[in-house]
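Turn these sequences into a full structure, and let the hints steer you where they fit.
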Amino acid sequence: MTTTESLAIRATLYEETVPGGGHTSFILKRGQVLRLTDVDGGANVSLMLLNAHQPSERLNLPDTLKGQHTAKLTAGHCLYSDMGRVLAAITADSCGWHDPFGGVLNADEVREKYGSGRYQELRNDFFRNGHDNLLVEMGKWNLDLQDLLMVVNLFSKVTVDEAGAFHFVPGHSKPGDHVELYAPMDTLVVLTALQHPMDPSPEYAPRPVHLTWGEAHSEGLSLACRSSRPENERAFHNTERFHL
Amino acid sequence: MTVITTSELRADEAVFRHVIPAGEPYLFEVKAGQTLRLLDLEGNQAVDTLFYSAANPRERYDAQRTMRRQNKVYLTTGTVLYSNLGNPLLTIVADTCGRHDTLGGACAQESNTVRYALGKRYMHSCRDNFLCACLRDGRMNKRDIAANINFFMNVPVTPVGGLTFEDGISAPGKYVELRAERDVIVLISNCPQLNNPCNGWNPTPAEVLVWN
Ligand SMILES: [Zn+2]
Numbered sequence: 001m002t003t004t005e006s007l008a009i010r011a012t013l014y015e016e017t018v019p020g021g022g023h024t025s026f027i028l029k030r031g032q033v034l035r036l037t038d039v040d041g042g043a044n045v046s047l048m049l050l051n052a053h054q055p056s057e058r059l060n061l062p063d064t065l066k067g068q069h070t071a072k073l074t075a076g077h078c079l080y081s082d083m084g085r086v087l088a089a090i091t092a093d094s095c096g097w098h099d100p101f102g103g104v105l106n107a108d109e110v111r112e113k114y115g116s117g118r119y120q121e122l123r124n125d126f127f128r129n130g131h132d133n134l135l136v137e138m139g140k141w142n143l144d145l146q147d148l149l150m151v152v153n154l155f156s157k158v159t160v161d162e163a164g165a166f167h168f169v170p171g172h173s174k175p176g177d178h179v180e181l182y183a184p185m186d187t188l189v190v191l192t193a194l195q196h197p198m199d200p201s202p203e204y205a206p207r208p209v210h211l212t213w214g215e216a217h218s219e220g221l222s223l224a225c226r227s228s229r230p231e232n233e234r235a236f237h238n239t240e241r242f243h244l
Numbered sequence: 245m246t247v248i249t250t251s252e253l254r255a256d257e258a259v260f261r262h263v264i265p266a267g268e269p270y271l272f273e274v275k276a277g278q279t280l281r282l283l284d285l286e287g288n289q290a291v292d293t294l295f296y297s298a299a300n301p302r303e304r305y306d307a308q309r310t311m312r313r314q315n316k317v318y319l320t321t322g323t324v325l326y327s328n329l330g331n332p333l334l335t336i337v338a339d340t341c342g343r344h345d346t347l348g349g350a351c352a353q354e355s356n357t358v359r360y361a362l363g364k365r366y367m368h369s370c371r372d373n374f375l376c377a378c379l380r381d382g383r384m385n386k387r388d389i390a391a392n393i394n395f396f397m398n399v400p401v402t403p404v405g406g407l408t409f410e411d412g413i414s415a416p417g418k419y420v421e422l423r424a425e426r427d428v429i430v431l432i433s434n435c436p437q438l439n440n441p442c443n444g445w446n447p448t449p450a451e452v453l454v455w456n
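Protein sequence lines, in the order shown, are assigned to chains G and L. Mapped onto my numbering, the consecutive letters of the first sequence carry residue numbers 1 to 244. Mapped onto my numbering, the consecutive letters of the second sequence carry residue numbers 245 to 456.
No wet-lab data here; the hints were simulated from the structure. From the three backbone atoms N, C-alpha and C, an ideal C-beta is built for every residue, glycine too. Hints are not guaranteed to be accurate.
[Unchecked claim] A partial selection of chain L residues facing chain G, derived with a Cβ cut-off under 8 Å:
(1) 316
(2) 336
(3) 337
(4) 355
(5) 362
(6) 403
What follows is the structure, given as structure tokens:
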């Protein structure tokens, strides 16, 4: 299911552009929608989600993938926590495929791929890495390495062939492509905008992403996700049980 | 294509052997340079496994880095298991099964309610096993439980992005062997799953053997 037009956001609460290389974190409150837009095309956003009130509960990609019998993520899918609840539902997506495999690079891996790019010479154009960017944001919530698990790489497509080998698809996300996340519980969002680790381009050139927060006009927004599979109906049930 | 690689190691020369009964956790250590064999005694048993650096249990097996650095979704001989700090923890050096999964994760009370039915909450599960062993040991807690390896499990990804569960690639006596690149803590849940055919609806014992 791919939808390009959002009816989701009743009123924009806030907007912000994260520059390529940037990182941020915030709580997406129950009933709110976050729209992420690829401004220039070719963006990648490495995303972690946690329960804002009890962050030992966090995104579990194995549960998410096997619960929905998918190895990619798109509209109609839910992002499950390790406690069987829905941290976010993907209510709109113009990309059609977001990658659960690639993870993030650390400082050594960035140096190996792009060469040295220190702050001392490059000032704020220095080469960042996803591992450190996410750790920095985790640290601001008093979280640490223990809490950094598998990430979703939004806007990126990696296919798997019959032998199990990965194939990165260049140019997957176009300027203006967007994805929307609806939070049925208070969800701590931690993200960084850096190139996908499997992007073969040797040039360090991370792209910006625009963020828009809004109130969902109704719970009906998430209905397609809730009803897309019986598993998702039960995951929403567990989320509501949590709020009793 | 599945490549089978056998081992020269003899069971009677192992320095350590332990049979993990069906459905139980087991936490132990393997020293750098030692070889660990996981043996599927009766066939089709899922052996859910996590690895930690003994020197720093915050450093643990990293499924995404491991898949990315070998550019492959399945694990077999030659696969280096990387940590979340980018270091090799172990290397798979023999494998008579040919393919192991690191995508499917471990069963849990909570995920069982989602995957099967709300009423499955009170069945035994791997993540309960992991938690029990971690908290009893004291060095790890819930936050250290990341995506694990499912030895002997087959979870194929299709070219269009589907995820399927197939059984039947393992059999009695199949094994996988790993050489430890540093001192590691090994945390196993011998999966008690009764809701899908990952162990043929019949959880059975598995054995671990260690050689110097
Ligand atoms: Zn299990």
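Taking the hints in turn, this is what the structure says about them:
| no. | hint | verdict |
| --- | --- | --- |
| 1 | 316 | holds, 5 Å |
| 2 | 336 | violated, 14 Å |
| 3 | 337 | violated, 19 Å |
| 4 | 355 | holds, 5 Å |
| 5 | 362 | holds, 6 Å |
| 6 | 403 | holds, 6 Å |
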